[in-house]
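Novice: The primary structure of each chain is shown beneath.
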Amino acid sequence: MKLLTLYNRVNIITTVIVMLITGIIYYQAISWILNDQNDKALKVEEDEVFDYVNLNKQLPQVFESKDQQISFTEAAPNSIKREFINTDYKKEKNEYESGRGLISSVTVNGKYYKILIVESKVETEDLIQIIFGITIGVILFLLLVLLIANRLILNRLWQPFYAILKEIKLFNITDNREIAQTTTSIDEFVELNQAATAMTGRARHDYKDLKTFTENASHELLTPIAVINSKLDTLIQTENFSDRQSKILTDLYSAVARLSRLNQSLLLLVKIENRLLTDQHSINLRLLIEEMLIQLEDIFNDKKITITTGLTDKEILASPYLIEILLNNLIINAVRHNYNGGNINIQLTAESLVIANTGATVALPDDKIYTRFHKSSSSDGSGLGLTISKQICENFGFALNYKYQSPHHYFTVKF
Amino acid sequence: MKLLIIEDEEGLRESIEEYFNEAGNICETAATYPAAITKIEMYRYDCILLDITLPGGNGINILKRLKSNNHTDGVLIISAKNSLDDRLEGLDLGADDYLVKPFHLSELKARVSAIIRRKMYNGNNLLVFNEISIDLQAKTVSVHNKSLKFTRKELALLIYFIANKGKVVSKNAIAEHLWGDGIDLADNFDFIYSHIKNIRKKLVEAGANDYIQAAYGMGYKFTGQ
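First to last, the protein sequences are chains A and B. First residue of the first sequence? That's 1 in this note's numbering, and the numbers climb one at a time after it. First residue of the second sequence? That's 1 in this note's numbering, and the numbers climb one at a time after it.
FYI, nobody ran anything at the bench for these hints, they're computed from the structure. You may find that some hints are simply not true.
What the hints assert, rightly or not - Once the Cα atoms are required to be at most 16 Å apart in a straight line, the calculated EDC-like pairs of lysine to aspartate or glutamate come out as:
no.: 1; chain 1: A; residue 1: Lys271; chain 2: A; residue 2: Asp175
no.: 2; chain 1: A; residue 1: Lys231; chain 2: B; residue 2: Glu14
no.: 3; chain 1: A; residue 1: Lys231; chain 2: B; residue 2: Glu17
no.: 4; chain 1: A; residue 1: Lys43; chain 2: A; residue 2: Glu83
no.: 5; chain 1: B; residue 1: Lys146; chain 2: B; residue 2: Glu205
no.: 6; chain 1: A; residue 1: Lys271; chain 2: B; residue 2: Asp86
no.: 7; chain 1: B; residue 1: Lys153; chain 2: B; residue 2: Glu176
no.: 8; chain 1: A; residue 1: Lys231; chain 2: B; residue 2: Glu10
no.: 9; chain 1: B; residue 1: Lys153; chain 2: A; residue 2: Asp366
no.: 10; chain 1: B; residue 1: Lys197; chain 2: A; residue 2: Asp302
no.: 11; chain 1: B; residue 1: Lys153; chain 2: A; residue 2: Glu291
no.: 12; chain 1: B; residue 1: Lys153; chain 2: A; residue 2: Asp298
no.: 13; chain 1: A; residue 1: Lys231; chain 2: B; residue 2: Glu9
no.: 14; chain 1: B; residue 1: Lys165; chain 2: B; residue 2: Glu22
no.: 15; chain 1: B; residue 1: Lys165; chain 2: A; residue 2: Glu239
no.: 16; chain 1: A; residue 1: Lys57; chain 2: A; residue 2: Asp67
no.: 17; chain 1: A; residue 1: Lys303; chain 2: B; residue 2: Asp190
no.: 18; chain 1: A; residue 1: Lys403; chain 2: A; residue 2: Asp366
no.: 19; chain 1: A; residue 1: Lys304; chain 2: B; residue 2: Asp190
no.: 20; chain 1: A; residue 1: Lys231; chain 2: B; residue 2: Glu18
no.: 21; chain 1: B; residue 1: Lys197; chain 2: A; residue 2: Asp298
no.: 22; chain 1: A; residue 1: Lys114; chain 2: A; residue 2: Asp67
no.: 23; chain 1: B; residue 1: Lys64; chain 2: B; residue 2: Glu41
Required output: the full structure, derived from the provided sequences and hints.
Specialist: Structure, rendered in structure tokens:
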């Protein structure tokens, strides 16, 4: 639920409740006051009757008044209790309005009379209705004003919040974009902004540390690997090796080659992530792929893999170095995870490059294949090839997708 | 040929020196920036192997110094920094080649040979080894003046062997030379064998000596003087 919705809901409910209670109290108060007014008028009339009776020793004449009626009826002595009542006021024949009455008594010439004075309450009620109407009107108007005001104020007040939120959403640990400072005088938002900036700064710093570590570690490893490599090259010049020794040397070579490739891959990843390889050249992918296929011919032949292609001209703007690595990784993967006598199909269109290869008859775990050092148990690769490929694609705004549709594994680069 | 190896890592420096030290070669070494400067101020070399990160200074400055003094020594940068900028900067400043650590000594030798060939036999693109002659420009091979058909890779491999004649070259080094170090197909080097078989067959059929010997299953050796 949006903050505004929640705020409005709470606000409106409380306003309506308060207004209703006020309305009821208001209504009661006005009713009471107006009733009191009526009662006073009735009392004045009663007093007039008493005065008249005192003076003239007879009942006053009953005459028709517009909004007051008096009637005298004989009653048993002392049977009448003086009280105010709500009663009907007979306006005309068969037409009644609500009225207020006073029942009293008077004794004239030894005769006991009940006095009933009734006043029309129509005007009073009209008044109450008008007042109530106005009150309701005011409530509705107030609600409307509140709604609009809330919307405006909240939107404006929360502007810095949304600005900060947008900044946080845009935050990417790998780029160097800082969280922009949002200008606001609201302490909470200033604090939020500071906290966001500090947090992202810390995250970026840690990430940079980690990257620097990876880079330095890989760099430091290069020299010893280079030494081992060169010493091996020197060692094999000394000749006269037994079969056992040459086997050991061959294994050593393979291990060092693997170590060296792993190291190169790590360095490459750091570089791509640091956006250090940003040179852009126009590359004709068709030509590049064709050249690579010639280059790798022996390797296909070795595994008796059939290559089929459908290549259209496609120019892209990217780093040739990285694109070569990307293509190399994808094609070599298609060979490595293939079986002897399998096939590879490469389709290049203006929208995408699809490399399909036969291989194991189970789909790869789509969510895991791009994570570092994830590899199938049978793979002898570094486990970084697809991670690097994915990074390269992201670097140039391409999408790298995988799907399995028996019998082919498809890797698609969408431009 | 006369070489200067500027490399601070002792193990690597010694290996390179040993690999290059053969009849007709003079190898000098420098382990620090000042030592290297002293050497290049006093002597001229056919090729200088230059490490970029040196104690006491940046190898790039040595290159700048050479160029500003109009010295024509060949320069091959060997660096642990495989950054494209570095590579471009080095080549822009007039280095002849750039090799990234770790590398095979045979690869280094092949690169150095190519640099020296370009320097010494300016315009003459003929590489002659006994009865075999290779026209590097036209990319053709002939034995006893009889032209042979070589594929691109076979030719590359032959040139590589000649540059490393008398040395055992490992299969790993050959694979990396021919397919780049992106090749990660582990220990299956059967495809190297078929190339070597082809080269041997073509050369022997044309009447050349059989120079290529298998060495203990680890690699191959191009024999002969």
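Novice: Are Lys197 (chain B) and Asp298 (chain A) close enough, with their CA atoms no more than 16 Å apart?
Specialist: Holds, at roughly 14 Å.
Novice: For Lys197 (chain B) and Asp302 (chain A), compute the direct alpha-carbon distance and say whether it is at most 16 Å.
Specialist: Answer holds: Lys197 (chain B) to Asp302 (chain A) is near 15 Å, not above 16 Å.
Novice: Can the restraint linking Lys303 (chain A) and Asp190 (chain B) be considered satisfied, given a maximum Cα separation of 16 Å?
Specialist: Judged against 16 Å, a Cα distance of about 10 Å means the pair holds.
Novice: Against the 16 Å threshold, does the CA-CA distance of Lys64 (chain B) and Glu41 (chain B) hold or violate the hint?
Specialist: holds (13 Å)
Novice: Check whether the Cα positions of Lys153 (chain B) and Asp366 (chain A) lie no farther apart than 16 Å.
Specialist: Distance of about 37 Å is beyond 16 Å: violated.
Novice: If you draw a straight line from the CA of Lys165 (chain B) to the CA of Glu239 (chain A), is it 16 Å or shorter?
Specialist: holds (15 Å)
Novice: For a C-alpha distance cap of 16 Å, please report whether Lys43 (chain A) and Glu83 (chain A) respect it.
Specialist: Status holds; Cα separation ~11 Å.
Novice: Taking only the CA atoms, is the gap from Lys153 (chain B) to Glu176 (chain B) under or equal to 16 Å?
Specialist: It holds: about 12 Å lies between the C-alpha atoms, which stays within 16 Å.
Novice: Is the Cα-Cα distance between Lys231 (chain A) and Glu9 (chain B) 16 Å or less?
Specialist: Distance ~13 Å between Lys231 (chain A) and Glu9 (chain B) Cα, so the pair holds.
Novice: Starting from Lys271 (chain A), check that the Cα of Asp86 (chain B) is at most 16 Å away, please.
Specialist: holds (13 Å)
Novice: Is the straight-line distance between the alpha-carbon of Lys165 (chain B) and that of Glu22 (chain B) 16 Å or less?
Specialist: Roughly 11 Å separates the two Cα atoms, so the pair holds.
Novice: Between Lys271 (chain A) and Asp175 (chain A), does the CA-CA distance stay at or below 16 Å?
Specialist: holds (13 Å)
Comparing the model with each earlier hint shows violations of hints 9, 16 and 22; every other hint is respected.
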